[in-house]
Amino acid sequence: MLSFIAVLIDGTIYASWLFLVAAGLTVIYGVMRILNMAHGSFYAIGAYAAASAIGWYFSDGTGSAGMSFLLLIGCAIAAGLVVGTLVERGLLRFMYGRDEILMVIITYALLLILEDAMKLIWGVNPYFAYQPYTALGRSTIAGLKVSNYDLALIGVAVVVGLALWGWLERTNLGKILRAVIHDREVASAMGVNVRRMFFLTFIIGTTLGTLAGALTAPSISVVPGIGVEVIVLAFAVVVVGGLGSIEGAAVGALLLGLSRAMAVHFAPQFELFVIYGVMSLVLAIRPQGLFGRTLARKI
Amino acid sequence: MRLDKTELALVGLAVLLLLGGMVAPGWLIFLVTIALAKALVVQGVVMQMKAGLVSFGQGLFYCVGGYAVGMGGPFLGISAGLVLLAIGVVAAVGLAMVLGLLLTRYREIFFAMLSLAFSMILYGVLVKSQELGSTDGFNVNNWTLLGQTIAGGETATHVVFLLTVVAAAVVAFLLHRYYRSSVGMTCEAIRENEVRVEYLGLSPRWIQYANYVAAAGVSALGGGLTALAAGHVDPDMAYWTTSGEFIFIALLGGTGSVLAPFLAAIVFSLVRTYAIEFVPHAWQMILGFTLLGIVVFLPKGLWSLFTRHRPEAPVVPAAPQKTSTGGAGA
Numbered sequence: 001m002l003s004f005i006a007v008l009i010d011g012t013i014y015a016s017w018l019f020l021v022a023a024g025l026t027v028i029y030g031v032m033r034i035l036n037m038a039h040g041s042f043y044a045i046g047a048y049a050a051a052s053a054i055g056w057y058f059s060d061g062t063g064s065a066g067m068s069f070l071l072l073i074g075c076a077i078a079a080g081l082v083v084g085t086l087v088e089r090g091l092l093r094f095m096y097g098r099d100e101i102l103m104v105i106i107t108y109a110l111l112l113i114l115e116d117a118m119k120l121i122w123g124v125n126p127y128f129a130y131q132p133y134t135a136l137g138r139s140t141i142a143g144l145k146v147s148n149y150d151l152a153l154i155g156v157a158v159v160v161g162l163a164l165w166g167w168l169e170r171t172n173l174g175k176i177l178r179a180v181i182h183d184r185e186v187a188s189a190m191g192v193n194v195r196r197m198f199f200l201t202f203i204i205g206t207t208l209g210t211l212a213g214a215l216t217a218p219s220i221s222v223v224p225g226i227g228v229e230v231i232v233l234a235f236a237v238v239v240v241g242g243l244g245s246i247e248g249a250a251v252g253a254l255l256l257g258l259s260r261a262m263a264v265h266f267a268p269q270f271e272l273f274v275i276y277g278v279m280s281l282v283l284a285i286r287p288q289g290l291f292g293r294t295l296a297r298k299i
Numbered sequence: 001m002r003l004d005k006t007e008l009a010l011v012g013l014a015v016l017l018l019l020g021g022m023v024a025p026g027w028l029i030f031l032v033t034i035a036l037a038k039a040l041v042v043q044g045v046v047m048q049m050k051a052g053l054v055s056f057g058q059g060l061f062y063c064v065g066g067y068a069v070g071m072g073g074p075f076l077g078i079s080a081g082l083v084l085l086a087i088g089v090v091a092a093v094g095l096a097m098v099l100g101l102l103l104t105r106y107r108e109i110f111f112a113m114l115s116l117a118f119s120m121i122l123y124g125v126l127v128k129s130q131e132l133g134s135t136d137g138f139n140v141n142n143w144t145l146l147g148q149t150i151a152g153g154e155t156a157t158h159v160v161f162l163l164t165v166v167a168a169a170v171v172a173f174l175l176h177r178y179y180r181s182s183v184g185m186t187c188e189a190i191r192e193n194e195v196r197v198e199y200l201g202l203s204p205r206w207i208q209y210a211n212y213v214a215a216a217g218v219s220a221l222g223g224g225l226t227a228l229a230a231g232h233v234d235p236d237m238a239y240w241t242t243s244g245e246f247i248f249i250a251l252l253g254g255t256g257s258v259l260a261p262f263l264a265a266i267v268f269s270l271v272r273t274y275a276i277e278f279v280p281h282a283w284q285m286i287l288g289f290t291l292l293g294i295v296v297f298l299p300k301g302l303w304s305l306f307t308r309h310r311p312e313a314p315v316v317p318a319a320p321q322k323t324s325t326g327g328a329g330a
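One line per chain: the protein sequences are X and W, in this order. The opening residue of the first sequence carries number 1 in the working numbering; numbering runs sequentially from there. The opening residue of the second sequence carries number 1 in the working numbering; numbering runs sequentially from there.
Only chain W is shown next, with the shape it has when bound in the complex:
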């Protein structure tokens, strides 16, 4: 298996993070863990953006993944962390397989609004039902990893950090392969011109469907890891402003590389930590102006800062190279 530059960078960064985790202070480890977990949710948003869809409801799957971890203990008596994460992913994928049948018929603002509506439905159900924790949500405690009980405090922080870095690296690796596979490439073609893709004999709808379902699974994993790291889940995970935050991070990073959402999520978390400290009532305003700035001056996100000076890769010679290495994707 030959690795390209992005994949090497990915492996290198993961190792660096794990090494850094041994010396970094607890608060920084926690911050990076949450940022990476949220970046996974953002990867789900980016997957759909690459196919031309903006989901204003990715919080739905974030919440499903988180609640699987939160409710697995009290409802199912399961404490194994990996099983809880898996339940979240399976639940989200199952839900997405049903919702996707309807949602893939929509584009543009209709897709945005309908995905928003679905996440608000979950929010409404959670907030109004006492059995599902109402507005309080659930605490996540006393979970185990491979048979070892994870007590709170420093150990838990480090264990979740390890888990998140590994999960993020693996998912990013697979996503990178996926984007270069034929299905991944078709997603971009659909964004450019859907009707022409149809004329080529492909079904944009089923490709969107597969993409949507996969994105749901990735986002749910992010939600589950966030729940393990934060030790708490509440209905706000499904509220539409949470989904708005994911879109913000996705646009901040851009869709240029699978690494971009991680970079954007870490920048976002760092800036937020300090902004809330120093200007608590102007934090959203900073976000708003930044978002406008990105839309106007950096439409391809922060990532384009790293790539714009290089000449564009020639389109034609690149194609055979891509088919020879792609194969492990999707």
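Only chain X is shown next, with the shape it has when bound in the complex:
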């Protein structure tokens, strides 16, 4: 019973993290049809920005935990706006209209560039930002000690998910975006500035990536290479859920999070295997993912 609850808690926490990481990826793919390999780098940039800001804020020994949370989120948004603008204006807008698979390769090139750019800016030594994590303390659920920061992460994931859903389904702008998702050309014929929508989407997707990184920074040591690890996990989530679908990403994250937690508790050697195993299984049965749409083949 105890291990069942442990699996449930661990799984939900991990799932929230997965969802935060994958949300930006799926939004960008949904609107722009770009499977963004550099999304992991956005995550890493967010983590680095947050870790160096937190380190600076606490460097003189004072500083309140409450402010540090605002700092985390502020850093993420600032980093997302800057990086998103640079990448979209400087590179991607020249590449629109190319094959999806070519866009994968282009964003892969971007990943290589950003990985080294981070090494040049932040060096190769680890950064730590544990203060917000320890400040919240722990609580005891059914005899298990759980970090409050991790529990708060669940809340953040739910808020982000609902906000994205509400934005797409309940606002005017969301309606326009759905028109672009549905048919880019017709939307553009109806007077939608598709390129502006792309820019907006990319900024939001990037910011979601940096936000995930900034919120993760307090619970890890920020080192080179974290983005490369994260991107394949995010792929697994969005592919399971169906590329471009927000609710798909949520379900995919839960499925993978719980499966992984189960593996960690009962068969630790299968920890990594289980994530890609589930992904392959879902794809074998439903190639378009759980919430994906099937597309007609064109001659």
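Read the hints as simulated data drawn from the structure, not as lab findings. Ideal Cβ positions, reconstructed from N, Cα and C, are used throughout, including at glycine. Treat the hints loosely; a few may be bogus.
Which residues of chain X face chain W? A few of them, derived with a C-beta cut under 8 Å, are [as the list claims (entries may be wrong)]: (1) ILE105; (2) ALA109; (3) LEU110; (4) LEU112; (5) GLU115; (6) ALA152; (7) ASP183; (8) ARG184; (9) VAL239; (10) SER280; (11) LEU281; (12) VAL282; (13) LEU283.
Short, incomplete list of chain W residues facing chain X, as computed with Cβ under 8 Å [to be verified]: (14) ALA14; (15) VAL125; (16) VAL127.
Following the hints, complete the assembly by docking chain W onto the known chain X.
Relative to chain X, chain W alone:
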């Protein structure tokens, strides 16, 4: 058997390399060996690219080929180098025959992602299990070639070099024939328009399948040779960034000729050796900008630099010529 220009160039280059191997310094021989072995893996990527598929998981078969060589000694007690290479190829082909049944149903990014997932599964299994060497992998030592024990050092370097050049030349020769065979040509037709190939009464899926399985075997051979040359295998061979490197080399060379991947792999290795020496933290950045440059300015790869000035060969007269010489392929 009449040889065309590419085949003559292939034989000539192989002989030149073997002659050069007698005088070249050890480090250069080692570098070229690794480059040629990796180029074989890249040939597997290119085979699929010609059929319109981009595999982000070719590291899977690279790793299988390498681990067959690494594990053959401690697990099976086999030390014969050629047998170890053969085990790797057979294992990879067997695995590809199973995975191919599923993978050939997918195209575009779905194929890319699923092939990536499979190679990450192998990575995950290797890293987490102590019996399979965990993150340390295995050392490859004391293997034999035709009954002769190959000690480490200079001799080993030269023997692997010889083996790799011969293997690369033979595989390239067969691949060149394969690309001109009817199956090889159909692969390109599938890339252009799959549904129309179906309308012609062919099954793109089974052609993709055969192509995928063959590519796996070629890549595994590259992995096995890399293991013999480097003397070590580790799970990073299956990590997705390794597969990314193969795609990079494939795009760098282009799909224009069977020689292109070899050229690209040697350029890649040379540039990397110097870049890591002089700008260790900007090496990937150089790669990234180069990749963007290729995609934008040289979409057909470095090889197009050699061919673009020539007028395009007329399409219609070329066809009967090709059917008269093709026959040894596939």
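These are the hints, each one checked on the structure:
1. Taking 8 Å as the C-beta cut-off, the interface hint given for ILE105 (chain X) holds, the closest approach to chain W being about 6 Å.
2. With 8 Å as the threshold, the beta carbon of ALA109 (chain X) comes within range of chain W, its nearest partner Cβ sitting at about 4 Å, so the hint holds.
3. The interface hint given for LEU110 (chain X) holds, since its Cβ lies 7 Å from the closest Cβ of chain W, which is under the 8 Å cut-off.
4. Checking LEU112 (chain X) against chain W: minimum C-beta separation of about 3 Å stays under 8 Å; hint holds.
5. For GLU115 (chain X), the shortest C-beta to C-beta distance to chain W is roughly 5 Å, which falls under 8 Å, so the interface hint holds.
6. The beta carbon of ALA152 (chain X) comes no nearer than 29 Å to any beta carbon in chain W, farther than 8 Å, and the hint placing it at the interface is violated.
7. Given the 8 Å rule on beta carbons, the hint for ASP183 (chain X) is violated: about 19 Å separates it from the nearest Cβ of chain W.
8. Because the beta carbon of ARG184 (chain X) sits about 17 Å from the nearest beta carbon in chain W, more than 8 Å, this interface hint is broken.
9. Because the beta carbon of VAL239 (chain X) sits about 5 Å from the nearest beta carbon in chain W, less than 8 Å, this interface hint is met.
10. The restraint placing SER280 (chain X) at the interface with chain W holds, with a minimum CB-CB distance near 5 Å, inside the 8 Å limit.
11. With a cut of 8 Å, the hint placing LEU281 (chain X) at the interface with chain W is violated, because the nearest CB-to-CB distance is about 10 Å.
12. With 8 Å as the threshold, the beta carbon of VAL282 (chain X) stays out of range of chain W, its nearest partner Cβ sitting at about 10 Å, so the hint is violated.
13. Interface hint at LEU283 (chain X): satisfied, since its Cβ lies 6 Å from the closest Cβ of chain W, which is below the 8 Å cut-off.
14. Given hint, ALA14 (chain W) at the interface with chain X, is violated; its Cβ is 31 Å from that chain's nearest Cβ, farther than 8 Å.
15. A least Cβ separation of about 5 Å between VAL125 (chain W) and chain X falls short of the 8 Å threshold, and the interface hint therefore holds.
16. Annotation: interface hint on VAL127 (chain W) holds; nearest CB of chain X at approximately 7 Å, less than 8 Å.
Checked against the numbered hints above, the structure breaks hints 6, 7, 8, 11, 12, 14 and satisfies the rest.
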